[in-house]
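Chemist: Below, each chain spelled out in residue letters.
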Amino acid sequence: MQVQPTDIQHVRELLETPFWKHVDFWISTVIGIVGAFIAYGAYTQAQKAEKEAEKAKIEAEKAKQAATGAGKTVKLQTVCIELSEIAQALAGVRPGMKFKDAKELFNDTSGHLLRMITPFANQPDLRDAIAAVKTAIQDGHASLRQVAPSDPTKEDEAPNAVYNAVEDKFTTMKFAVSELTGLMEAQTYDFGRPDADER
Amino acid sequence: MPTNAESLALQTYISEVIIATRDGKINWKAVNPTTFVWETGLPQSARIILQRVERFVTYPLPRIGTAPQQMGQKKELVHIFQAFDLKSSVLTLDSSVETQFNDLLSALFDLVQTRLSEKTLDFLKSTLPK
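For the protein sequence lines, the chains are X and L, in the order given.
Counted the way our numbering counts, the first sequence spans residues 1 to 199.
Counted the way our numbering counts, the second sequence spans residues 1001 to 1130.
All the pointers check out, no bait thrown in.
Far from chain X by the CB rule (all over 10 Å, computed), these chain L residues:
(1) 1015
(2) 1042
(3) 1059
Here are the simulated lysine-lysine pairs, DSSO-like style, with alpha carbons at most 30 Å apart:
(4) 134(X) to 1075(L)
(5) 1087(L) to 98(X)
(6) 1029(L) to 154(X)
I should point out that these hints are in silico values taken from the structure, not numbers from a laboratory.
For each residue, glycine too, the CB sits at the ideal point set by N, CA and C.
Go ahead and model the full structure; you've got the sequences and the hints to work with.
Modeler: Next comes the structure, spelled out in structure tokens:
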């Protein structure tokens, strides 16, 4: 096949024409621009989705904290009610009380008390009040030991001996329990205030 | 609250009980580690109870500058002296309230405690083979 001068002329014309005047250049450019827009759109959608996910996570965390706070409040309120009942029981010391009855009252209330307060022993704002309750329990126990009858059948010879010995100590226990109850109640007020929307 | 004259008469009475206890004329019995009972017998049947108890007492703390007076709390040994006739209580002296009796009652308590310990020791000694 012979190369004609017109062919060379045609090739020269093609080479001398600017590349942006070619149709295929514009097709690829448009495709590229459209692709970039699509990629940008996808990127912004992804960013938005990530923000939404983060927001949902924060909301879930707040809801969890609110639920935990509500749970704590309910638990504290239950403990407060039980502590009030213990304080009321401790007021049951009466003149003429027998050693056996005083010991029973002490054992019931002190055991119950220790079970109630132990989970809160490491709370800084309750530590002193809990220590006061524990000291009062020890004093109550010591006061009972001081009046353990040598002969239970002759306990009536000194009918108020048990009352005289334990009344002061049981009253101190009662006051210590009431103070602790007050502090715990104050905590329920604090827990009750914030909710998920406020945080 | 006894008047001054009554208080003096009661202090004299307790002093006489101390002397009688020291002379071994009163037979005290321990009802529990901190309570002693004396049944007087005829002609005047009565029961005298002496008890030592530990109480919390409040006392004024040293005042600092113009700060309000603060109160402290400490444990103190107080004594309760009770007298019963055949039916009911005729006298109750609580030395946490009537503090003027505390020293006398404390002395009586210590004396009774010593006498009872001596009795117990005498009994234990009597059980030893001779």
